[in-house]
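These protein sequence lines map, in sequence, to chains A and B. Just so it is clear: in the first sequence, position 80 is 89 by this note's numbering, and no numbers are missing. Just so it is clear: in the second sequence, position 338 is 347 by this note's numbering, and no numbers are missing.
Each hint should be verified, as a subset may be incorrect.
If chains are identical, the list can't say which one is meant, so a pair holds when it fits in one copy or spans any two.
[Claimed, not checked] Simulated crosslink set (DMTMM-like; lysine to aspartate or glutamate; CA at most 20 Å straight-line):
(1) LYS426 <-> ASP376
(2) LYS295 <-> ASP335
(3) LYS409 <-> ASP56
(4) LYS225 <-> ASP335
Honestly, the hints are just simulated from the structure, not real lab data.
There are 2 protein chains.
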Amino acid sequence: MKLLLKNASILTQDWTVIRDGFLGIDGDTICYLGQDRPQETYDAEKDMSHKLLIPGLYNLHSHSPMSLLRGLGSDLPLDRWLNEAMFPVEARLVEADVAVGTRLSLMEMVASGTVSFTDMYDRTWTTLQEVLDCGMKANLTRPLMAMDPNESYEQNFRVKESFQLVKDIAALNDSRIRCDFGIHAEYTSRTEIVARYAEDCNRLGGRVHLHLSETKKEHEECKQRHGKTPTRWFYDLGVMNLPIIAAHCVWVEDEDIVLLKERNATCVHNPTSNMKLGSGFMPVQKLLGAGVRVCLGTDGSASNNNQNMFEEMHLASVLHNGFNNDATIMKPVEVMTMATRNGAEAQGRTDCGRLAVGCKADVVAIDLDRPHLMPAHDILALLTYSVQGSDVVMTMVDGKILYENGQFLTMDMEKTKFELEAALQRLF
Amino acid sequence: MKLLLKNASILTQDWTVIRDGFLGIDGDTICYLGQDRPQETYDAEKDMSHKLLIPGLYNLHSHSPMSLLRGLGSDLPLDRWLNEAMFPVEARLVEADVAVGTRLSLMEMVASGTVSFTDMYDRTWTTLQEVLDCGMKANLTRPLMAMDPNESYEQNFRVKESFQLVKDIAALNDSRIRCDFGIHAEYTSRTEIVARYAEDCNRLGGRVHLHLSETKKEHEECKQRHGKTPTRWFYDLGVMNLPIIAAHCVWVEDEDIVLLKERNATCVHNPTSNMKLGSGFMPVQKLLGAGVRVCLGTDGSASNNNQNMFEEMHLASVLHNGFNNDATIMKPVEVMTMATRNGAEAQGRTDCGRLAVGCKADVVAIDLDRPHLMPAHDILALLTYSVQGSDVVMTMVDGKILYENGQFLTMDMEKTKFELEAALQRLF
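Chain A on its own, in the form it takes in the complex (with noise of 0.2 Å):
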């Protein structure tokens, strides 16, 4: 099935915009981008009239499923809204409940651009299902938590359940979705359990997905407890010889800015769930000074409260002009590059995450015909200030379209309504 996308604008992947042009998609793959009309036949055509085409975001860090908590406690500091608000309803979660979270965040996802997301929680084999029936892209974690002092490395359950994860989704050969490794954090692990689980990280092969400095209490407390920062800590225990996905790195300090460029490692923005939370601003000009890769991530629905890429880019734009007092800090090619090709490249997915011939077909098409988008003197500019996710009126992953005009091709609305509704008479 060969498809032709006519008379769009196309953003390329040297950030330029090419207007009234086409765009050919070969199976999963584009085959043609330019100006002109290509000479071969298309099995089919449509008219992108008014639509900008950009490369599908990448959501660098989530918790796919806590969308079922969205908005739960929102008024509590964070230490009691784990406590009382989370830890208490998930510990009662089902299957079917994260099935049904999973599924709000992926159509969440989907009608505001995202095509390919990296999670982390348990019961992971329900968001692989998800994910696999609404044909999105994702690399999944099933982390390791380690609390438990009488608890050996065999007995660790998580470890177990994450190396399964890593075989069952290499044994379905589907390039769409991947398994990293997962540490959840320095704070919720011992030290041996995350030596013994990194050796093994290290002799499969992969990436590490992990929570990293977070809050200001979480890293000066594993400096307390270790005398060492949690990044050095997970240097010095062998995790950082895999690349890491490491999710807000907000405290990290100048020395472990050294190690994370030397390791090649990736850090997760969260703009959003670090201002709700209160956790603080990411030094994400000295992380990009030092040449570390930035992508951009929502975190979990009930920290954020939502799973909306454009919010992620609108917030970074803007956060650190105010909190530097300087308004050339963040530029809008830099937070479409942490959105788009550096997720990819995090995930490992190297013909992903640009438009250009040969690369998947991961398409977005933004409607530029609405008054908060006129008049488009700066498309950069526009995508990073102006644009909202609801602006998205397509969303394609490897050539086939999940969402378009406000409908879900690949997810039923009234069946997950329904579901929900189950959900929330069993929980509460």
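Following the hints, put chain B in place on chain A, whose structure we already have.
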């Protein structure tokens, strides 16, 4: 004409939610609100199943014509942005440009739930006509600027226009439109001119819209110039004998806050603009703690780059938590109060800003039947953290629907696009 909105969730003035309720409108006024169907008959009924009715939003600081400049010079530092990107274009604007720029803002505002705004720009009669045609409410300002040392008070044409606009708007005798006095800012006005203007304003009575301590530079330079803060300067010149609507207030000091409270001033928080332009963080907790009325505004689209109050509510909700490393600082109820009744009060509209019998029917409907708004555990948290401007499906002002399900009922999108094209041809 009596209209009954039925089967709606309704956010009442004490911030509780009536489920499956009824809201009755008689002409421009709310005549019924309750759980039970009213006894009296209505001319028409409108089913609002799955919709949440909230009071319309108040945008207390904008420069509405500047949507025409959206995205220009977005990577420049503040002074170069003003001098290289804004001023040269603004100098070329003709009335038709101001008209179409204003209309883009009005369309964006009504489509995202704003019913009233406080504006500051020149060519104010053009903006006035657009507002009248559109049907929104507004407090308009033609602000004083007086930088030429050779120009007397009598010679300053802005002074004349300011008072003429007050007269012309009073003559309209339309409760939707009000006129405020205006002083652009301390740094753009001479002491003797502002003193004379304040005398005349005090004689006439009214409110004064102005910029106050937006940037550290302007705040510190005022102290060098006058030996006092901008707040104390305005206070000493008699400006604050009238209620002021003071935009930004980022750098106000503790003693300024005492004066602002003493004079019943309104401080307008413009979080996106303050972040994007690198101005800094308004001390919103100190202001709220002192009992000062705080409202929300978008500022102009050249420095935002939107007129979407849900973005400001969202940013105001999360920003101060992040800056103060405390997740409990801004509560949804505080943010909702700022965005609705505080705005109405600051505009001098005592019968607006809340859904209650006897109040004006300024009603906004939010479609809750969307994945990113499920589940709805906490309606106020949903409104400030999760709802997008695009979730608005109806905006009603004084009982008249201006926007519904994507359609503008009082403005013409195609005509606006045509006029925009002509304006862009003239200007660029």
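To see whether the hints hold, each was checked on the structure:
1. LYS426 <-> ASP376: between (27 Å within a copy, 14 Å between copies)
2. LYS295 <-> ASP335: The answer is within: 15 Å in one copy meets 20 Å, while 24 Å across copies does not.
3. LYS409 <-> ASP56: within (16 Å within a copy, 36 Å between copies)
4. LYS225 <-> ASP335: This pair counts as between: shortest inter-copy Cα distance 11 Å, intra-copy 24 Å.
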